[in-house]
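Protein chains: 2
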Amino acid sequence: MAVRRVPQQDRSIETQRAVLEGAAAVFHRVGYGNASLSMIAEESGVSQGSMYFHFKSKEQIALAVINEQHARSLPVLHADPSPSASVFEHLVRVSRGVAEQLREDTVVQAGIRLALEEDSLQEESAGFYEAWVASTAELLEHAVTEGEIVSSLPVAALARTMIGYFTGVQLMSRATSGRADLFAVLVQMWVVLTDALIPEERRKTALAVVGEVFAA
Amino acid sequence: MAVRRVPQQDRSIETQRAVLEGAAAVFHRVGYGNASLSMIAEESGVSQGSMYFHFKSKEQIALAVINEQHARSLPVLHADPSPSASVFEHLVRVSRGVAEQLREDTVVQAGIRLALEEDSLQEESAGFYEAWVASTAELLEHAVTEGEIVSSLPVAALARTMIGYFTGVQLMSRATSGRADLFAVLVQMWVVLTDALIPEERRKTALAVVGEVFAA
Numbered sequence: 001m002a003v004r005r006v007p008q009q010d011r012s013i014e015t016q017r018a019v020l021e022g023a024a025a026v027f028h029r030v031g032y033g034n035a036s037l038s039m040i041a042e043e044s045g046v047s048q049g050s051m052y053f054h055f056k057s058k059e060q061i062a063l064a065v066i067n068e069q070h071a072r073s074l075p076v077l078h079a080d081p082s083p084s085a086s087v088f089e090h091l092v093r094v095s096r097g098v099a100e101q102l103r104e105d106t107v108v109q110a111g112i113r114l115a116l117e118e119d120s121l122q123e124e125s126a127g128f129y130e131a132w133v134a135s136t137a138e139l140l141e142h143a144v145t146e147g148e149i150v151s152s153l154p155v156a157a158l159a160r161t162m163i164g165y166f167t168g169v170q171l172m173s174r175a176t177s178g179r180a181d182l183f184a185v186l187v188q189m190w191v192v193l194t195d196a197l198i199p200e201e202r203r204k205t206a207l208a209v210v211g212e213v214f215a216a
Numbered sequence: 001m002a003v004r005r006v007p008q009q010d011r012s013i014e015t016q017r018a019v020l021e022g023a024a025a026v027f028h029r030v031g032y033g034n035a036s037l038s039m040i041a042e043e044s045g046v047s048q049g050s051m052y053f054h055f056k057s058k059e060q061i062a063l064a065v066i067n068e069q070h071a072r073s074l075p076v077l078h079a080d081p082s083p084s085a086s087v088f089e090h091l092v093r094v095s096r097g098v099a100e101q102l103r104e105d106t107v108v109q110a111g112i113r114l115a116l117e118e119d120s121l122q123e124e125s126a127g128f129y130e131a132w133v134a135s136t137a138e139l140l141e142h143a144v145t146e147g148e149i150v151s152s153l154p155v156a157a158l159a160r161t162m163i164g165y166f167t168g169v170q171l172m173s174r175a176t177s178g179r180a181d182l183f184a185v186l187v188q189m190w191v192v193l194t195d196a197l198i199p200e201e202r203r204k205t206a207l208a209v210v211g212e213v214f215a216a
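Chains as they are written, first to last, in the working numbering: chain A, 1 to 216; chain B, 1 to 216.
So here's chain A without its partners, still in its complex pose (with noise of 0.2 Å):
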């Protein structure tokens, strides 16, 4: 029996991976509130009596597309920076790379959209969001210490208000182009931020890091 439980286990897996990029495909396309088990199911390809035994509600799916988001954007934010970059370099490239996701990856897009748009799910998601702040704010209050970066604002309110801006021109950014202009509109965001935030006798070096991490 146990040479039996592997390979169901590997198929029950694959079911969900299924349900899950499926439920990404049709929540990214038409938001939550729009779509239907069945539009899941037949994206999906799995028959809805097999993707009930996994997920109870439309729901359930949706918060484990957030959740799956999040496991696959917070690797992002935590990935070991380079020993020679700055704070603000490593947040340059960290929003390089969820700038990645969201063009390519649907279970980001889908998560994000899920995220902000459905009121039932912030619950699940607010926590996410405050991981991702909480992250931010322990870079910034290294790199408030060392004086790399200067701010008329608390590390923690400049966090957030970094995230929001993030989250402000991605949103614009799809809005009006399909996340076609997301890199140059996030270049202009950190031009911004490098005027805000970096002291101007460096000023040219942390706009030169911007170019490079965007035009890589």
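It is worth saying that the hints were derived from the structure and are not from the lab.
Take the hints with a grain of salt, since some may be wrong.
The list cannot tell twin chains apart, which means a pair is met if one copy fits it or any two copies do.
[What the hints assert, rightly or not] Pairs of lysine to any residue residues, derived as SDA-like cross-links and limited to a Cα-Cα distance of at most 25 Å, are as follows: (1) K58 <-> T176; (2) K56 <-> A25; (3) K58 <-> T106; (4) K204 <-> P81; (5) K58 <-> M39; (6) K56 <-> A126; (7) K58 <-> L102; (8) K58 <-> Q9; (9) K204 <-> G97; (10) K58 <-> R11; (11) K204 <-> T145.
Knowing the structure of chain A, use the given hints to seat chain B on it.
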């Protein structure tokens, strides 16, 4: 016959207004995808037949809400600045005006939600977004020429990124606090923008303006 026409027109306008307000409440509460024509009719206190006389589809109602949102918001942007106010102060006041609408006016709340969430409505709302960017750019152009504002970005890009920044912080405020902290997060945004855009010798004055506008 002319005598009877006036009240009929009045009734018609009243019905359309009731549908707009009812639809805005529904769209704001549940989003576009979850909203139905029967929910809108019930919320408006208008029969479905009477509603259908004015609006043929949910999409048509949503577009009317977006139009009405902009009819209400654009005057805030175009309000005559006080003669002594800088461009910076004017923009801070405009952001406070829109923030008030976002907290109090269901049509504005619903319009923004629809424009950001619903791909099928984005062609319509893109025009209004561009109007906001263009008006902001025009104001910034003047301020940059006068040396009031200094930026590494061209004014068109600066206007776009500022609208994106505002969009993001108001959205995070909706998601995390139901917009209870909206004024606080806008103050934080303006602190970052002050550091980024206002020459150092006038920064203290600018920060005082931000504090005053959002305290009032």
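Are the CA atoms of K58 and R11 at most 25 Å apart within a copy, between copies, both, or neither?
within (21 Å within a copy, 42 Å between copies)
For K58 and T176, with the copy left unspecified, which applies at a CA distance of at most 25 Å: within, between, both, or neither?
The answer is between: 22 Å across copies meets 25 Å, while 28 Å in one copy does not.
If the cutoff is 25 Å on CA atoms, where do K204 and P81 land: within, between, both or neither? Let me know, please.
within (21 Å within a copy, 35 Å between copies)
Treating 25 Å as the Cα threshold, decide for K58 and L102: within, between, both or neither.
Result: close within a single copy only, 23 Å intra versus 30 Å inter.
Within, between, both or neither: how does the pair K56, A126 come out at a Cα-Cα threshold of 25 Å?
For K56 and A126, the Cα distance is within 25 Å only inside one copy (23 Å; across copies 38 Å).
Can you tell me if K204 and G97 fall within 25 Å by alpha carbon in one copy, between copies, both or neither?
within (23 Å within a copy, 36 Å between copies)
First find the shortest C-alpha distance between K56 and A25 inside one copy, then the shortest across copies, and answer within, between, both or neither for a cut-off of 25 Å.
within (19 Å within a copy, 30 Å between copies)
Is it within a copy, between copies, both, or neither that the alpha carbon of K58 lies no farther than 25 Å from that of T106?
So K58 and T106 pass the 25 Å test inside one copy only (17 Å; across, 28 Å).
Go through the copies and call it for K204 and T145: within, between, both or neither, with a Cα cutoff of 25 Å.
Both, since 21 Å and 23 Å are each at most 25 Å.
Alpha-carbon proximity context of K58 and Q9, limit 25 Å
The answer is within: 23 Å in one copy meets 25 Å, while 44 Å across copies does not.
Using 25 Å as the alpha-carbon threshold, which applies to K58 and M39: within, between, both, or neither?
This pair counts as both: shortest intra-copy Cα distance 11 Å, inter-copy 21 Å.
The structure agrees with every numbered hint stated previously.
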